[in-house]
Each structure stands twice: as structure tokens, then as C-alpha cells.
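Undergrad: This is what each chain is made of:
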Amino acid sequence: MLTCKEASYLISKKLDDHLTWRDRIALRLHLMMCKLCRGYASDVSKLHVLMRDSGEEARALLPDSIKLSEQSRERITQALSKQTKHQLDNNQ
Amino acid sequence: MTNELSTPEQWLEKYGDILYRYGLSRVRDPGVAEELVQETLLAALNAKNSYAGRSTEQTWLIGILKHKILDYFRKRSKDKSQVVADYEADIGQDDYFDRHGNWQENDAAWLKPDQSFEHEQFLSVLHECMGGLSPRMAQLFILSELDGIKSEEICKLMSISTLNNYWVMMSRTRMQLRNCLKKNWLDQ
Chain A
1 MLTCKEASYL
11 ISKKLDDHLT
21 WRDRIALRLH
31 LMMCKLCRGY
41 ASDVSKLHVL
51 MRDSGEEARA
61 LLPDSIKLSE
71 QSRERITQAL
81 SKQTKHQLDN
91 NQ
Chain B
1 MTNELSTPEQ
11 WLEKYGDILY
21 RYGLSRVRDP
31 GVAEELVQET
41 LLAALNAKNS
51 YAGRSTEQTW
61 LIGILKHKIL
71 DYFRKRSKDK
81 SQVVADYEAD
91 IGQDDYFDRH
101 GNWQENDAAW
111 LKPDQSFEHE
121 QFLSVLHECM
131 GGLSPRMAQL
141 FILSELDGIK
151 SEEICKLMSI
161 STLNNYWVMM
171 SRTRMQLRNC
181 LKKNWLDQ
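As you go down the protein sequences, you meet chains A and B in turn.
Mapping of the first sequence onto my numbering: position 43 corresponds to residue 43, and the numbering continues sequentially without gaps.
Mapping of the second sequence onto my numbering: position 99 corresponds to residue 99, and the numbering continues sequentially without gaps.
Hints are computed from structural coordinates only; laboratory data are not their basis.
Please note that a few of the clues may not be correct.
Covered stretches of chain B (in silico footprint by chain A; criterion: 3 or more residues with CB under 8 angstroms from a CB of chain A, positions within the stretch not fixed) [stated by the list, open to error]:
#1 8-16
#2 49-56
#3 68-74
#4 149-160
Beta-carbon label-pair distances, calculated as ranges [claimed, not checked]:
#5 S42/A to G53/B: 20 to 30 angstroms
#6 L19/A to R54/B: 17 to 27 angstroms
#7 D53/A to G63/B: 15 to 25 angstroms
#8 K35/A to R54/B: 32 to 42 angstroms
#9 L163/B to S45/A: 13 to 23 angstroms
#10 N46/B to S42/A: 40 to 50 angstroms
#11 N91/A to S151/B: 41 to 51 angstroms
#12 D89/A to G148/B: 40 to 50 angstroms
In silico DSS-like pairs for lysine-lysine, Cα to Cα no more than 27 angstroms straight-line [unchecked claim]:
#13 K46/A to K13/A
#14 K68/B to K78/B
#15 K46/A to K78/B
#16 K68/B to K183/B
#17 K82/A to K14/B
#18 K14/A to K68/B
#19 K46/A to K66/B
#20 K85/A to K68/B
#21 K5/A to K14/B
Keep in mind it's a predicted model, so treat the numbers as computed, not measured.
Just so you know, even glycine gets a beta-carbon here, dropped at the ideal spot from N, CA and C.
Based on the provided sequences and hints, a complete structural model is requested.
TA: In C-alpha cells, the structure reads:
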């Protein structure tokens, strides 16, 4: 009989890899009887799906209110124009 | 038809924030994320002629940024002091179970099926919770979950010695994240 701690490890491992048939059956039995572990399994798999979907769509998972600061924009603009100038000089 | 490229200054204008958020959600350090945006745009400027116009500008720029992020992770994993410090941070946080291996807390799941993940507030909480992970756990979670990189690849990239260690770390990371989300999202 699995403890909840062991079950939580298998729940996580199942998202990343295959379980052996022994582990698979043990986990299924435990989940049938344990509501808290069912809740845990449901939560981490929702998180898993959210992360995968976001990654595939190249979404950042950060609120839009987070922005590049004015100072760093300034710095990057300078670095870009320096590089552009350098390229132009080389082409001449 | 090929897509015309805009000028580097327009890139910064149009995609600066998108690239920054993309980078920040992965490297988790504002200074580093800014640096990566700059490196990406400079690399894009140098590679301008090789842009084939097959993908949109944004996809092209994010593709360059992805490489920069992996390089950054690779370099950081070589820093052994970092590795040791993070391993230590990973130990000793098994407060979720009692000594019999049963859950300490007695409440149910934090997410109802219809709750929207897109919610700005949820994203802020998730961001906060990821910030509470050790840098190594956060990096592991991001590479695996967000970027879908294979376990074996991540072990190599992050100098994790065995797959078993990888599963243990992933399990702890999920546990900690879920606990934090449960506390800060549901109880609002």
C-alpha cells in the first residue's frame, strides 16, 4: 500500500515519464481510495497542461503589466545604433 | 511572398516587452532578461540577411532568444557553487506529509475546472510562486514544463547525475508550487 508521499512522487513522475506496470497499478489503487491525492493529481496535471500550452504558443506566463524599463530601452537603443553604425562603416 | 523586416529600432518598439517577458519568465532575473533582449536584437541585426521571411518577425526573434536562454542556463550550470547551494535549498522542505507519509493538510484541490488560467491575477501569483523556488528548481521546471525539453537533455544541461534525481526534484518542485498556489490563489 502506497503512502500519500509515495503516491505524490508517482503522480509527478507519470507526467514526465512512463511508470512500470507495478507502479501504475499501485497508484491507481491509491487514487481510488484517496481524495487528497486525487486533488493533488488534478492540480499538478492542470499546471502541466497550462505550462505546455503556454510554451507552445510562446506565451510568457507573465502579466502584460511587466515591461522593459525605460533605462534599458535607452541602453539597448544605443547598443543597436552603435552596431548599425559599425556595420555601415564596414560596408564602405 | 516574403515578409519585409522592420528596422532594429522598430523591433525594440514592437517586440521589446514581449521578448523581455518571454526571457524574464525563464531566467527570472530582470537584469539578465534585459541583457538577453539586447543580445537577441544585436544577434538579429547581424543575422538580418539570413532572415528568410518564412516565419513572422516575432517568431524569428523569439527563436534567437530561445538559443540565448539555453546558452545562459548552460553557462550557469557549470557554476558548481550554484549547484551545491541549490541542492541544499531543495532539502528539508518535506513539511507536506506527516511521519506516516500522509498529507498534513486536509483540504481539497485549488482549481475548479472552469477557473481561467489567463487571469492576470493568477499569472502574478504563479510568477510570485515560481520566485519562491530555488533557482535550480525554477530552471528545471521551466525547461521541462514550459519548453518541453526531454528529461535526458535537461539532466545533461543542468548536470543532474541520474534520472531518478530528476524525478525527485520535479516532484518536489511541483509540490512546492502547488502548495504556494493553493495558499495564494484560492484563499484570496
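Undergrad: Evaluate each hint against the coordinates.
TA: Each hint tested on the structure:
Residues of the region 8-16 of chain B with a Cβ under 8 angstroms from some Cβ of chain A number 4, which satisfies the need for three, so the listed coverage holds. Residues of the region 49-56 of chain B lying with their CB closer than 8 angstroms to a CB of chain A number 0, which falls below the three-residue condition for coverage. For the region 68-74 of chain B, the assignment as covered by chain A is violated, since 0 residues bring a beta-carbon within under 8 angstroms of that chain's beta-carbons and 3 are needed. As drawn, the region 149-160 of chain B meets chain A at 1 residues by the rule of a beta-carbon pair under 8 angstroms; below three, the given contact is violated.
Between S42/A and G53/B the beta carbons are some 44 angstroms apart, a value that contradicts the proposed interval 20 to 30 angstroms. Distance hint check for L19/A and R54/B: the Cβ-Cβ separation is about 40 angstroms, which falls outside the suggested range of 17 to 27 angstroms. For D53/A and G63/B, the Cβ-Cβ distance of about 19 angstroms falls inside the hinted range of 15 to 25 angstroms, so the restraint holds. Separated by about 50 angstroms at the C-beta atoms, K35/A and R54/B break the suggested range of 32 to 42 angstroms.
Taking the beta carbon of each, L163/B and S45/A are about 21 angstroms apart, inside 13 to 23 angstroms as hinted. Here the CB-CB span from N46/B to S42/A is close to 47 angstroms, well matched to the stated 40 to 50 angstroms. Between N91/A and S151/B, the C-beta spacing of about 47 angstroms keeps the proposed range 41 to 51 angstroms intact. Between D89/A and G148/B the beta carbon distance is about 42 angstroms. The supplied range of 40 to 50 angstroms therefore holds.
Restraint check: the Cα-Cα separation between K46/A and K13/A comes to about 15 angstroms, which is no more than 27 angstroms; the hinted pair holds. Distance check on the hinted pair: K68/B and K78/B sit about 16 angstroms apart at the alpha-carbon level, within 27 angstroms; holds. For the hint pairing K46/A with K78/B, the CA-to-CA distance comes to about 33 angstroms; that exceeds 27 angstroms, so the pair is violated. Between K68/B and K183/B the alpha-carbon distance is near 34 angstroms, which puts this suggested pair outside the 27 angstroms criterion.
Distance restraint check for K82/A and K14/B: the Cα-Cα separation of roughly 20 angstroms lies within the 27 angstroms cut-off, and the hinted pair is therefore satisfied. Note on K14/A and K68/B: the hinted pairing is violated, with a Cα-Cα distance of about 30 angstroms set against a maximum of 27 angstroms. Proposed proximity of K46/A and K66/B is supported: the alpha carbons are some 25 angstroms apart, at most 27 angstroms. Pair hint K85/A plus K68/B holds up; C-alpha atoms about 24 angstroms apart against a cutoff of 27 angstroms.
The hinted pair formed by K5/A and K14/B fails the criterion: a straight-line CA distance of about 47 angstroms is larger than 27 angstroms.
In summary, the structure is inconsistent with hints 2, 3, 4, 5, 6, 8, 15, 16, 18 and 21 from the numbered list given earlier, while agreeing with the others.
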